[in-house]
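2 protein chains.
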Amino acid sequence: MAKDLPVSPLKVELPPLPPVKGVRLGVAAAGLRYQGRPDVMMMEFAPGTTVAGVFTSNKCPGAPVDWCRTALKGEAARALVVNAGNANVFTGRAGVETVEATAAAAAALVGSTPTEVFLASTGVIGQVLPHEKLTAALPALHGALKENGWADAARGIMTTDTFPKAAMRKAAIHGTEVTILGIAKGSGMVAPDMATMLCFVATDAAIPAAALQSCLRQGVEASFNRTTVDSDTSTSDTVLLFATGQAGHDKVSALSGSALADFQAQLDALLLDLALQVVRDGEGAQKLVKVAVKGAVSDSSAKRIGMAIANSPLVKTAIAGEDANWGRIVMAVGKAGEPADRDRLSVAIGGTWMAREGGVVEGYDETPVVEHMKGREIDIEVDIGLGKGEATVWTCDLTHGYIDINGSYRS
Amino acid sequence: MAKDLPVSPLKVELPPLPPVKGVRLGVAAAGLRYQGRPDVMMMEFAPGTTVAGVFTSNKCPGAPVDWCRTALKGEAARALVVNAGNANVFTGRAGVETVEATAAAAAALVGSTPTEVFLASTGVIGQVLPHEKLTAALPALHGALKENGWADAARGIMTTDTFPKAAMRKAAIHGTEVTILGIAKGSGMVAPDMATMLCFVATDAAIPAAALQSCLRQGVEASFNRTTVDSDTSTSDTVLLFATGQAGHDKVSALSGSALADFQAQLDALLLDLALQVVRDGEGAQKLVKVAVKGAVSDSSAKRIGMAIANSPLVKTAIAGEDANWGRIVMAVGKAGEPADRDRLSVAIGGTWMAREGGVVEGYDETPVVEHMKGREIDIEVDIGLGKGEATVWTCDLTHGYIDINGSYRS
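Line by line, the protein sequences give chains E and R. For the first sequence, my numbering assigns the number 897 to the initial residue and increments by one for each residue that follows. For the second sequence, my numbering assigns the number 897 to the initial residue and increments by one for each residue that follows.
Derived by calculation from the structure, the hints in this document are not laboratory data. Treat the hints with caution; some may be incorrect.
Which copy is meant is left open, because identical chains are indistinguishable; a pair holds if it fits in one copy or across any two.
[As the list claims (entries may be wrong)] With a cut-off of at most 25 Å between alpha-carbon atoms, the simulated DSS-like pairs for lysine-lysine come out as follows:
1) Lys1066 - Lys917
2) Lys1284 - Lys955
3) Lys917 - Lys1042
4) Lys1270 - Lys1066
5) Lys955 - Lys1186
6) Lys1029 - Lys1042
7) Lys1190 - Lys955
8) Lys907 - Lys1066
Next comes chain E alone, as it looks inside the complex:
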């Protein structure tokens, strides 16, 4: 189990978290792994709630991910049950039994079919998650669900996280205000195409499942899929978006994109907010790093170059050492395998362009860059000089804290 970790210096405080109509939630301590803290979180959704989901690209996903992928086909959700401390991954038949038993127990409590229950687990891989402890905790937990449980829920799903993560946005649909509220957890094994990262978002908007899925895919692509802590892709990554339909706005058709324009914009902002909170809590992180790439041959090429920089251990350790080592950035651009020309490449840190056209900028004064490197938020800009493709990605630095946390996680 993780030792007591120092809180990330990049921590942000929980914002005000009002109720979302049609959602009641709460937490319980089931003693699955942690002692003396909540480790099970449950949400109940009003009848008629639609659901969308995006999951890990890892080819060895956990049993809860398999379950959610199947359940998603029903397009309807009545409950969500999440546990912390055990990922229920690589647990064979026992893992499948745990998800089936948990879904059945929750379904009985909320009066739904089991496939209207969604599940997620994070924590250690390869240890059987004893469903008896989990299901035994559910009746009392269900009995205590309330509208104002968001902050507790954000805390209840933490594992190596050092601060709880939540975000809230308001959006207008057909002139009616709707609320979008999300919580997330994640700290290590955080890489593109998600993370050991769970994110649960609820809205009181009424949106058909297909349109909701499209909104979520777009939002995840521009947020969680642009962040990396350590290049490792979890077996458990899950983002679920629930729409309870309680806000009372005019009907949204499955294909009515324009009615959802503001909702999409606010959802995008909320997901990016949560994704950056996860990076801010990256294991051992001392600095939040933004990598903006432009001038690539395409947006996707820019994203791959950005990720090569953001995943480079040499770039990340240089940042930890507050060393404006743009040579390593040049190296990372070159290793991405994307079109790049050394002699057209430019690199800036903290707004100072230090390398241009294959060499150091003449008369380059390192002073403002050295100052920038001492800060908590590091800005890297790269201009490939070949085209109009651009992308921005985020990461954190690689520090002794990462080694401390991950060299002893199970001990």
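Fit chain R to the given chain E structure using the hints.
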């Protein structure tokens, strides 16, 4: 400049290094970056020497790599000049001038054309390499070249290396014994498709350049392209193989594969020996890790899965912590993006199969695995269970030492 680093506990001693007929070599202290130690190494080859080369896949290579790629077309070599401490990468026009001036100076000394001179540089990126200091050191260095300079040469090309690296093999061509001798440097920014890694091999065999190139490509694919320290691909990776033709064996035709069978086998062994010495000196390395993958759908799929495991920071930190965390190995298999089925996957550490068919092996006793994890050499085996593809790759663990070295390299 790198601080005084503790010598890697995985160090191996230099083997006996006899002369290679047709090669004279030596080192000098030009004060390019380091003070009080040799930082320039020169070899002179007998007339008629053929040459083969393999270079970094990085799209932003250094000026010396550009030079060698062009020079290689001449198929002939008379000299090699290598410096340590400055990579001559991203140095624009000045970098090109440095390689041109260095090649011209060396060519004048050995009586060849400049394109028969090969060059390599490692060290800091983005600082101009002053060719005056380099070329000023060459006449005295050339005057002192000798046949017994291999150990000095191995030491003279080190940067963050903590021990010199060399290997020697004997092979038979048409019944005549030939010598193959190589030196290498490399420690960080070491990733597949090579490394911040230089390797220079010489043999007294007489092999046409095209056949020599084919031998070298095959050998590099099975050695340097199967090792990784930190997933970063240098801008300077260079492997050069020189054949002086002084051994006096019967002629080898350009296409005579069978005559070179033993040479190839011994060259492969020598290159793997050197590649593993580089991994043993991986920055901060405390353990040498072998990852053997079988049962993949193809050999190339097995290699990609092996590299995903070998490059996973979570796998590497777990090994540093002596934690037999096979869950992270399952994660890394899944993130490789190659065909894999969680329920057919098996994982062994130190010969003990601990995970099979989607779950922990029944009655799994961790005792021998815990013991194995305390050792210096860690064996990981993965059976994907889908086909006959297999590959073995090597890496080292990820420790505090890596962060120490790379968070302060330039300071």
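Results for each hint:
For the homomeric pair lysine 1066 and lysine 917, the shortest alpha-carbon distance inside one copy (13 Å) is at most 25 Å, but the shortest distance between copies (79 Å) is not. In this homomeric assembly, lysine 1284 and lysine 955 come within 25 Å of each other (Cα to Cα) only across copies, at 19 Å, whereas the closest approach inside a single copy is 33 Å. Only within a single protomer do lysine 917 and lysine 1042 lie at most 25 Å apart by alpha-carbon distance; the minimum there is 11 Å, versus 85 Å between protomers. In the homo-oligomer, the alpha carbons of lysine 1270 and lysine 1066 never lie at most 25 Å apart, since the shortest distance is 35 Å inside one protomer and 54 Å across protomers.
For the homomeric pair lysine 955 and lysine 1186, the shortest alpha-carbon distance between copies (23 Å) is at most 25 Å, but the shortest distance inside one copy (29 Å) is not. Proximity of lysine 1029 to lysine 1042 under the C-alpha cut-off of 25 Å is restricted to the intra-copy arrangement: shortest distance 22 Å within a copy versus 76 Å between copies. With identical chains, the CA atoms of lysine 1190 and lysine 955 are at most 25 Å apart between copies only, with a shortest distance of 17 Å across copies and 32 Å within one. In this assembly of identical chains, the alpha carbons of lysine 907 and lysine 1066 lie at most 25 Å apart only when taken from the same copy (23 Å versus 60 Å across copies).
Checked against the numbered hints given earlier, the structure breaks only hint 4 and satisfies all the rest.
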